[in-house]
Amino acid sequence: MNPENHIDPRLAAMLEELKDVSPRNPKAVARGRAYFLAQGATMRQAVSGREHQRPIGWNTLFRKERRLMNAFVSVILSLVLLLGGGAGTVYAAQDAMPTNLLYGIKTFSEDVRLWFNHDPQIEIDMLLQMFQTRVEEITALTAMDINPPAHVIERLNLHIEQALHVAANMNDSAMPSALLQIRTTLQTQEQAIIRLKVQGLSGTAQVFLHLRTMCENHIRLVELGLTDPQGFRHIIREENQDEFPGTPGPGYGPGPSPSETPGNENGHGDDTHNGEGMGPGNGNQTPDDQGLGPVDTSTPGNGGMGPSGTGGTSQPGNGGMGPSGTGGTPQPGSGGMESSGTPTPGSHGSGNKQDKP
Amino acid sequence: MSSDAELLQRARSFEHQALAFIYDSFSPGLYRYAIRLLGDTFLAEDCVAETFKRFLQALQARKGPNDYLQAYLYRIAHNWIADHYRRQPPQDELDESHPARGENPEKLVSHHIQQEQIRYALQKLTPNQQQVIVLKFLENWTNEDIARALNKPVGAVKSLQHRALAGLKRFLIDKDLA
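Protein sequences, first through last, are from chains Y and Z. Each residue of the first sequence is one higher than the last, beginning at 16 in the numbering used here. Each residue of the second sequence is one higher than the last, beginning at 17 in the numbering used here.
Please note that a few of the clues may not be correct.
Dumping the calculated DSBU-like pairs for lysine-lysine here, alpha-carbon to alpha-carbon at most 35 angstroms [said to hold, decoys possible]:
id, chain 1, residue 1, chain 2, residue 2
1, Z, Lys79, Y, Lys34
2, Z, Lys69, Y, Lys34
3, Y, Lys42, Z, Lys174
4, Z, Lys69, Z, Lys140
5, Y, Lys34, Z, Lys123
6, Z, Lys185, Z, Lys79
7, Z, Lys185, Y, Lys42
8, Z, Lys174, Y, Lys121
9, Z, Lys79, Z, Lys123
10, Y, Lys34, Z, Lys140
11, Z, Lys69, Z, Lys123
12, Y, Lys34, Z, Lys185
13, Z, Lys69, Z, Lys168
Pairwise CB distance ranges (calculated) [stated by the list, open to error]:
id, chain 1, residue 1, chain 2, residue 2, range
14, Y, Ile137, Z, Ala98, 48 to 58 angstroms
15, Z, Thr57, Y, Pro24, 49 to 59 angstroms
16, Y, Ile137, Z, Ala74, 19 to 29 angstroms
17, Z, Asp62, Y, Pro24, 28 to 38 angstroms
18, Z, Asp99, Y, Pro24, 43 to 53 angstroms
19, Y, Pro24, Z, Lys168, 39 to 49 angstroms
20, Z, Gln25, Y, Asp35, 45 to 55 angstroms
21, Z, Asp62, Y, Met159, 26 to 36 angstroms
22, Z, Gln104, Y, Asn186, 18 to 28 angstroms
23, Z, Gln25, Y, Ala207, 51 to 61 angstroms
Hints listed in this document are in silico derivations from the structure and should not be mistaken for laboratory results. Don't be surprised by glycine CBs; every beta carbon is placed ideally from N, CA and C.
Using the sequences and the hints, build the whole thing.
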């Protein structure tokens, strides 16, 4: 043994006792890991760029940062003047407020950036960043005693719902980290909203109440996702079906009987001749404008959930949920929940939420 | 994953994969280190979580290590443990009333009491001496690595080790003989 490591054998034997460590709780490991990664993700949003990419410190060409920044801004301005038009407008729109004409361009550019991204983690980062931007816009407007437009609040809500949807589609190992990141953002923004309320800005109590409730509801949903991932995914999928009609889904629902008038808007015909469940209906039925009832020509509507009738001209709709009828010629419709017959367009078809704006 | 320097460069950008790699690589060792000194799973988990949190905060402040990440993390963990004992000094009396589990409760209790006695003796040492003993004799680190973790020269580590072993012998062996 190396003399440096010499140790009394009795002492060595005693220290051996401490080497026996009980195994670490896997749940605690997963929780700690997810928390750490969520913290990292939150900090990543706040980082402007890698150190070597930022113009800090002294340099030989411009001597110090301020001059370098001046040169940088000059170059950017020159390029904007030269290129003009589109790029400049988009750039200028980034600070636009909802009351500004350029605001539409700002949100459009956000949507485009989101559209071109395919990494779920980055998508969540971007959506949370947009969520924060919306809260800042609402804050700025209320500070000027302007009621925030409804579309801004709707968009804010949509950002967080999309982020939850993306998280729900992640695998079990990545989802907790994403959910913690979402929860951290929601809690931070909720605190910001509470502080604003304390400061007593006028005329916006209703808006603040709405925002707080929205944050709290989503935080509860995130908590559920952390404890019961499958239940969370189920809820998100159901919400998506409720809120984003018209996209394709599985076909199910009562099949109509011949010569029947379509049923109610929930996709369940009143007709007692209709077969309950998954079976196809017969022809000679006419769906109502919600796409719920069958007609004999069997053309399913958009989002239609039921099968078309036999012998008709079945037409699958946009996002139709049900299969077309036998012997029919598929044609798109819209909104039909049952597809026996020839449904006219409706608006209650179930479908999956669209990830992209 | 290559060197610590490259890993840290990626961690400074809070790159998800780099951070995950760091956690997966170092958290088991940090946990072992903490539980050996603290003897409490919850406290050990708190120590690990706080260590990684402080590491991220250091990165965010453009501080933190440029190399030897493991040594840096153990230094943070040890500072946390030292702070913990400053806030809550160890009890003078050893608790010998631990519930027995498993097939051989007497052995379990005896083992637990012995662990507590060694931990108690370790806590009588200075924080640096504790760190040297645990890293050297339980984690099998070299003197050079320990020197990096303690931010001290190797000679100082040897001196700390010598005094720590003398102290442990006094607390654990000579006391029994007396």
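Of the numbered hints stated earlier in the document, which are not met by this structure?
Hints 3, 6, 7, 8, 9, 11, 14, 15, 18, 19, 20, 21, 22 and 23 are the ones this structure does not satisfy, whereas the remaining hints hold.
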